[in-house]
Amino acid sequence: MRFRLVVDGDPHDVEVTSGARGLELKIDGVAYRAEAKRTADAVVVRMGRKSISIRLSGDRAIVDGSAHRIEVPEVADVDVQAPDRVAAGSARMAEVRPPMPGRIVRILVQEGSRVRKGQTLVVLEAMKMQNEIPAPADAIVREIRVAEGESVTGDRVVASLEIV
Amino acid sequence: MFRRLLIANRGEIAIRVARTARQLGIHCIGVYSEADRTALHRLAMDESVDIGRAAPAQSYLNVEGILRAAEATAAEAIHPGYGFLSENPGFARRCEEEGIVFVGPPARALALSGDKIASRTAMREVGIPVTAGVDRVVRTVEDAEGLAAELGYPVLFKATAGGGGIGMSRVDRPEDLAAAFESAGSVARANFGNPDLLLEKYVRRARHVEVQVLLGEGGEGVGFVERECSVQRRHQKLVEETPSPAVTPALRRRLIEAAVRGLRAVGFRNAGTVEFLLHGGRFTFNEVNARLQVEHPITEIVTGVDLVHEQLRIAARDGLGVSQSELRSRGHAIECRINAEDPLRNFLPSPGRIVGYAEPRGPGLRVDSGVAAGSDVPPTYDSLVAKLVAHGRTRDTAIRRMQRAVDGFRIHGVRTTLPFHRALLREPAFARGALWTTMVADLRIVERLKSRGPWEETVAAIAAALAVQGRLAMGPALDLGRSSISRWALAGRQERFGGGGHAVSPRRRW
Chain V
427 MRFRLVVDGD PHDVEVTSGA RGLELKIDGV AYRAEAKRTA DAVVVRMGRK SISIRLSGDR
487 AIVDGSAHRI EVPEVADVDV QAPDRVAAGS ARMAEVRPPM PGRIVRILVQ EGSRVRKGQT
547 LVVLEAMKMQ NEIPAPADAI VREIRVAEGE SVTGDRVVAS LEIV
Chain D
431 MFRRLLIANR GEIAIRVART ARQLGIHCIG VYSEADRTAL HRLAMDESVD IGRAAPAQSY
491 LNVEGILRAA EATAAEAIHP GYGFLSENPG FARRCEEEGI VFVGPPARAL ALSGDKIASR
551 TAMREVGIPV TAGVDRVVRT VEDAEGLAAE LGYPVLFKAT AGGGGIGMSR VDRPEDLAAA
611 FESAGSVARA NFGNPDLLLE KYVRRARHVE VQVLLGEGGE GVGFVERECS VQRRHQKLVE
671 ETPSPAVTPA LRRRLIEAAV RGLRAVGFRN AGTVEFLLHG GRFTFNEVNA RLQVEHPITE
731 IVTGVDLVHE QLRIAARDGL GVSQSELRSR GHAIECRINA EDPLRNFLPS PGRIVGYAEP
791 RGPGLRVDSG VAAGSDVPPT YDSLVAKLVA HGRTRDTAIR RMQRAVDGFR IHGVRTTLPF
851 HRALLREPAF ARGALWTTMV ADLRIVERLK SRGPWEETVA AIAAALAVQG RLAMGPALDL
911 GRSSISRWAL AGRQERFGGG GHAVSPRRRW
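Read top to bottom, the protein sequences are chains V and D.
FYI, in the numbering used here the residues of the first sequence are 427 to 590.
FYI, in the numbering used here the residues of the second sequence are 431 to 940.
There may be inaccurate statements among the hints.
[Claimed, not checked] Computed beta-carbon distance windows for the label pairs: (1) D/Glu580 to V/Glu558: 34 to 40 Å; (2) V/Arg542 to D/Arg619: 27 to 33 Å; (3) V/Arg475 to D/Arg783: 45 to 51 Å; (4) D/Arg712 to V/Arg542: 24 to 30 Å; (5) D/Arg775 to V/Gly448: 55 to 61 Å; (6) V/Leu534 to D/Gly594: 24 to 30 Å; (7) D/Glu650 to V/Arg475: 53 to 59 Å; (8) D/Glu464 to V/Leu534: 25 to 31 Å; (9) D/Gly594 to V/Ser477: 41 to 47 Å; (10) D/Ala502 to V/Val590: 36 to 42 Å; (11) V/Glu576 to D/Thr824: 51 to 57 Å; (12) D/Ala504 to V/Leu534: 48 to 54 Å.
Just so you know, the hints here were simulated from the structure itself, not pulled from any lab data.
Everything numeric in this text was worked out from a predicted model, so none of it was measured.
Ideal Cβ positions, reconstructed from N, Cα and C, are used throughout, including at glycine.
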């Protein structure tokens, strides 16, 4: 399952699956493996050689004795396989969002173009670096919603694609 | 000394310059763009001036706009920091025309050091060994093929007007030459407005060492103990240290002598750095950086010399405050550049708002930072947010202090290069001082990164605890305690935010 976990004001995207060897977690896309056991008044989480004791109470998590404020403002659906940054409006449509805010410096496809998975759709400049934003799957470009030179935020839909 | 100084930069370097200037009793005038209205550097100034839109060309790179700000605030001098207008001869010339002192080298020295071919030629003329290559612009692919065959592969294209590692392209095989020539040329045109390329022999397993130089108005000069900057990624420095673990006292004397002689010969003044490649016990000239460099604090911390103070003294014609004979260097210093980039996602830029921030403290540490809790890191500018410097009597002590400092540095809300530094500092080759410019790629340091750091591990542990709390409902597949977390989340929301949407408080407590 996926949910958003805010710890002391710092938001993180979390994905948890339960496998044969304990829990597999993804925190903002980075994988961690953990084993968690409930004890009388806490949960003991083992990660690698570390063992961390956690007590949950209301909006507090006491981690090895120090308190953190936690919130879960959003619980996403159980669909763990959805490609990163692509929201499926319907099963066959995909909306492409940039991985970070920046300025669109080049648009390399046109509406109606057929694109291959991994093909660069637009080039986004952020922090003096040019970043190519690829198509998440083989698709037809249905709509381009940005213009060259435009500044975009990270949640802005750059293009919508029909997956083929 | 000046009474009023305009600092034409942003972020950590604007704050760094203001610290010294204010300590000298100088009234500091800052500048800021639309994107930096709430930026920390404004608070370091006595006053600050709005110079325009977020795009650099319309603010920090706008020569006339900055001169207008200087005029309006009666600034006597402008310190350009690094980047932006710091090495722009046109800007230095315009300052001169307006009767404002540019704190840096004269325009003609900037023009020369900004042209890689001209500076190679100038260094060769005064007997400094230069990295093998051709001292003219490569005109065509055929021309490049002939020259590369003479030099022997691998070769390196460089933009003659380039800098910051941009426009450099390594070619290992003749069949890749034409494509590299085209792409390096177009990158050079796009970034520097000049497609001209030169060709050098690519030196494998070289070290990057550089010598900081100060030259007074009369040409009196001081050269500092070398810095080694071999830890790079795509020709961008990530970690610097001084002294270099590879330089002997005899070699050090030759490096310093060559750097001072080379800059003096081209009429250089103020602070500059001469970069060399060190390979097989030999050194060859690479390029001149005609500005205060990002990594200048490591030199300051081992020598006790305030380089910004010296820059201001030279510009104000007060003479150098330090001489070669009295210069001493103590211990070892290392700098880690903390950039808003995610090393676990191929150093993808990570702009955003910093929601939590705490700097490490302790013996032998210095932090030059441009941000605090609540700061925005705009996507428009360079990704450097802070520089962490550790000093110790020995290199080992400096490394251990840096390890503790990296672990103790908390920056939440944007991803940073801290996990990279954590991994590098544990690398046996780094600990031995066996450094070379492609070591980050060759040792696959980034590819082997497993974790973003202790904070993310804490988050993962909390997530795991939440998951087992709702585990009763969790089958072997994915049906994990969703209802229990949702109810819990709902309760939390109702209590705190009356059912509102995303509730992210802007600051966190420690």
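A quick look at each hint next to the structure:
Against the hinted window of 34 to 40 Å, the Cβ-Cβ separation of D/Glu580 and V/Glu558 comes to about 35 Å, which satisfies the hint. Distance hint for V/Arg542 and D/Arg619: a CB-CB separation of about 29 Å, consistent with the stated range 27 to 33 Å. Distance hint check for V/Arg475 and D/Arg783: the Cβ-Cβ separation is about 34 Å, which falls outside the suggested range of 45 to 51 Å. With their beta carbons about 48 Å apart, D/Arg712 and V/Arg542 fall outside the hinted range of 24 to 30 Å.
As the Cβ distance of D/Arg775 to V/Gly448 is approximately 25 Å, the hint placing it in 55 to 61 Å is violated. A hinted range of 24 to 30 Å holds for the C-beta pair V/Leu534 and D/Gly594, which are about 25 Å apart. The beta-carbon spacing between D/Glu650 and V/Arg475, approximately 58 Å, falls within the hinted interval of 53 to 59 Å. Taken as a hint, the range 25 to 31 Å holds for the pair D/Glu464 and V/Leu534, whose Cβ atoms sit roughly 29 Å apart.
Checked against the hint of 41 to 47 Å, the C-beta distance between D/Gly594 and V/Ser477 comes to roughly 45 Å, which is consistent with it. The beta-carbon spacing between D/Ala502 and V/Val590, approximately 59 Å, falls outside the hinted interval of 36 to 42 Å. Range check, V/Glu576 to D/Thr824: about 53 Å between beta-carbon atoms, so the 51 to 57 Å window is met. Taking the beta carbon of each, D/Ala504 and V/Leu534 are about 49 Å apart, inside 48 to 54 Å as hinted.
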